[in-house]
Every structure is written in structure tokens, then in C-alpha cells.
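K.L.:
Build out the structure end to end from the sequences listed, making use of the hints.
Residue numbers (our numbering), protein chains in the order written: chain G, 1 to 167; chain B, 168 to 347.
Hints listed in this document are in silico derivations from the structure and should not be mistaken for laboratory results. Note that this is a predicted model, so its numbers are computed, not measured. Glycine is no exception: its CB is placed at the ideal position from the N, C-alpha and C atoms. Mixed in with the good hints there might be a few duds.
[Stated by the list, open to error] Sample of chain B residues at the chain G side, in silico, Cβ under 7 Å:
#1 327
#2 328
#3 330
#4 331
#5 332
#6 333
#7 334
[What the hints assert, rightly or not] What follows is a list of derived Cβ distance ranges for each label pair:
#8 179/B <-> 97/G: 42 to 50 Å
#9 215/B <-> 55/G: 53 to 61 Å
#10 187/B <-> 87/G: 51 to 59 Å
#11 67/G <-> 199/B: 17 to 25 Å
#12 286/B <-> 144/G: 57 to 65 Å
#13 108/G <-> 273/B: 31 to 39 Å
#14 58/G <-> 286/B: 56 to 64 Å
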Amino acid sequence: MEKFLESLPEHAKDLKLNLGTVLRQPELTEQQAWGTAVSTAVASRNPRLVEVVQAEAAGHLNEQAIHAAKAAAAVMGMNNIFYRFRHLSTNPKYGDMPARLRMQAIRTHGSDPVDFELWCLAVSAINGCGVCVDSHEHVLRDKGINEETILAAVRIAAVMHALSAVV
Amino acid sequence: MLGVGHKFPAFSLQATVGLEKGKTFQTISDNDYSGKWKIYFFWPKDFTFVCPTEIAAFGKLNGEFADRDAQVLGGSTDSEFVHLAWRQNHEDLKNLPFPMLADIKRELCTALGILDPQEGVAQRATFIVDPHNVIRYVSVNDLSVGRNPQEVLRVLDALQTDELCPCNWQKGQEVLKPVV
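P.N.:
Next up, the structure:
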């Protein structure tokens with residue numbers, strides 16, 4: 001990770017410094033922070049970034065959490081597109097039609113359900129689905145997670161997404 | 168007969184699980200395979216004509232069911248030794264990848280309500296049971312009519328594609344409490 005940070009170009013210095021900071025925010029537990037890092041790295045579609053983040057995350061997360069974080073990125077990569085289409089289209093009929101897509105990972109990821117929800121939200125922020133952002137944010141606050149924690153995860157998403165373009 | 172929404176009955180039965188010596192039989196109960204979906208299917212009698220075709224067809228799709236976190240379990244009112252003899256005897260059943268339940272006391276078939284009133288054996292019934300042991304699909308064929316396991320797979324797929332994501336919630340809808 002350190003080597004990777006050193007290799008970042010001068011014009012991305014803000015990102016480099018931000019990455020170190022956002023992964024150590026007191027609003028997030030270690031699992032929340034690193035799970036968000038893994039899921040948003042995957043969602044950012046840069047194989048090198050995924051590799052580096054996942055290697056580093058192995059020191060902070062158990063296998064189940066890494067699996068669940070990647071599962072969040074996988075399933076939301078699908079749902080963000082599907083539900084975004086539904087809310088972008090002005091034809092209300094799509095809202096009444098079934099998705100007919102498997103999304104069992106949401107039930108079977110095996111990690112902490114609140115953390116999983118947070119990772120789903122962070123991925124949705126990257127994939128840009130308003131309905132998904134809104135609904136996952138709502139569920140999280142319903143489960144007692146405050147805005148500070150949620151925004152802390154979104155900071156990680158923002159930095160990951162930016163890094164994927166400069167690596 | 169038990170239907171959709173009913174709890175699948177408790178049971179503990181001997182089952183034929185393989186041909187290898189010492190690993191042929193196993194006790195299986197309703198509590199095994201926890202967290203998985205279960206496909207239970209019953210046939211009237213071992214060594215009869217329609218059965219091996221559909222049993223082998225379920226066997227061929229076993230990987231597809233496993234991919235969907237579902238355990239296939241076959242069964243009849245024959246004993247585990249009859250199941251074993253049939254498997255040893257029939258080319259299509261030798262490598263069957265799922266257990267054959269031996270409901271020799273007919274307790275499970277009775278609880279399910281699938282004992283044929285004339286013949287006293289299991290009707291050709293199929294149940295899809297969810298991870299909470301609730302029956303989500305039932306079908307029963309006349310003793311002489313075989314089944315289409317592809318159709319069972321299609322139903323399982325449909326049952327598993329409920330929209331679990333909060334993204335699906337419409338404005339004004341109650342917040343769903345996902346089952347953990």
C-alpha cells in the first residue's frame with residue numbers, strides 16, 4: 001500500500017493524502033472502513049487498485065467480510081443500473097414490473113448486515129443511482145447509523161473512485 | 168396434504184447416500200442442511216419404470232440446484248437397503264449425487280399427506296422448502312406421470328428472485344424488515 005501511495009503522481013497528491021485520512025476516520029469501525037474500501041475499489045473498476053486495496057484489507061478484515069464487501073460491489077453493480085433505469089424513466093409502468101434478477105447475496109453474504117448495507121450505499125454512490133442511495137441511506141438510519149458515519153463511508157467511495165482514474 | 172406456507176414436518180430417516188462400503192447410509196433430519204433451500208421429491212416404488220428417468224434427471228441438475236443453495240433429497244416408502252439395491256442395479260442411478268430417503272414407516276409421507284389411498288405408497292410429490300423450512304411450492308402427479316426437474320428449477324429461480332434490495336421499495340411503502 002505504501003509503495004502504491006508513493007507511486008501516485010504529483011497531481012493526485014490530494015487523493016493520496018485523503019486516502020490515508022479517510023481510512024482512519026473515527027466515525028467508522030475498522031470493518032466498516034476497510035469493507036467500504038474493498039467494495040468501492042471493486043466498483044471503481046481498476047484492477048490494480050482492487051489488488052492493492054484487497055491485499056491491504058486482508059490485514060484488517062476477516063475472509064467473510066472481504067467476501068461480503070465484494071458481494072456488495074457485485075450485486076449493487078447490477079441493482080444500481082436496474083433501479084436507476086426505473087427511476088430515470090418517466091414511464092411508471094416499469095415500477096410495477098418485477099425485477100426477475102437474483103440478488104440472494106443480500107441475504108447470504110454472511111457478514112454484519114448493517115456493515116453490508118453501508119457498503120451497498122457506498123457502491124451506489126459510485127454507480128450513481130439516486131433511488132439506491134436514498135433507500136440504503138434510509139435503512140441505515142433506521143438501524144441507528146448516523147449521518148456522520150454514512151458520510152465517512154461516502155468519503156472513502158469518493159477517494160477510491162478518483163484514484164481509479166489516476167492509477 | 169400440506170401446502171404452500173406450511174412448515175415442512177420434522178423427520179429423521181435413514182437415507183442411502185452412496186455405493187462405497189461403509190459410506191452407504193446416513194441419518195438425515197429436517198434440521199440438516201440449515202440455511203439451504205431443499206427440494207424434496209417422492210416416487211411410488213423403487214425398481215419401477217418411470218422413476219429412474221426422473222430421478223436421474225434430478226441428478227443431472229444437481230449442480231444447478233447446488234449453485235442456488237438448494238439441497239435435493241429424493242425419497243420413497245422403500246427401505247434404505249432397497250434403495251441401495253436399486254442404485255447398484257441401475258446404471259443411471261449409480262452416481263446419484265443426492266440422498267434417497269427411506270420413509271419405511273410412512274411417517275413423513277403421512278405427515279405430508281402424500282400417501283396414495285389405494286396403493287399405500289408415496290405419490291409423485293415435489294416440495295420446494297425455503298431455508299426457514301417453510302413449503303413454498305408443491306406439485307403432485309398421478310402415480311404414472313413423470314416430472315420435469317427443469318420446471319422445478321425454474322420455480323426455484325423465481326422464488327429466489329424476490330426483490331431483496333431496499334432500492335425496490337416504493338415511496339410510502341412500509342420499510343421492509345429483511346429476514347436475517
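K.L.:
It remains to establish, for every hint, whether it holds in the given structure.
P.N.:
Here is what the structure says about each hint:
1. Look at residue 327/B: its Cβ gets to within about 6 Å of chain G, closer than 7 Å, so that hint holds up.
2. For the restraint placing residue 328/B at the interface with chain G, the shortest Cβ-Cβ distance is roughly 5 Å, inside the 7 Å limit, so the hint holds.
3. At about 5 Å, the closest approach between the beta carbon of residue 330/B and any beta carbon in chain G falls short of 7 Å, and the interface hint on this residue holds.
4. Interface hint status for residue 331/B: upheld, as the beta-carbon distance to the closest one in chain G is roughly 4 Å, under 7 Å.
5. The restraint placing residue 332/B at the interface with chain G holds, with a minimum CB-CB distance near 5 Å, inside the 7 Å limit.
6. Because the smallest distance between the Cβ of residue 333/B and any Cβ of chain G comes to about 4 Å, under 7 Å, the interface hint for this residue holds.
7. A hinted interface residue such as residue 334/B counts as satisfied when its beta carbon comes closer than 7 Å to some beta carbon of chain G; here the least separation is about 4 Å, so the hint holds.
8. Separation of residue 179/B from residue 97/G is about 44 Å and conforms to the stated range, judged on CB atoms against 42 to 50 Å.
9. About 58 Å separates the C-beta atoms of residue 215/B and residue 55/G, a value consistent with the hinted range of 53 to 61 Å.
10. Restraint check, residue 187/B to residue 87/G: a C-beta distance of roughly 56 Å satisfies the suggested window 51 to 59 Å.
11. About 24 Å separates the C-beta atoms of residue 67/G and residue 199/B, a value consistent with the hinted range of 17 to 25 Å.
12. Judged by the Cβ atoms, the range 57 to 65 Å given for residue 286/B and residue 144/G holds: they are separated by roughly 58 Å.
13. Distance hint for residue 108/G and residue 273/B: a CB-CB separation of about 35 Å, consistent with the stated range 31 to 39 Å.
14. For the pair residue 58/G and residue 286/B, the beta carbons lie near 59 Å from each other, so the given range of 56 to 64 Å is met.
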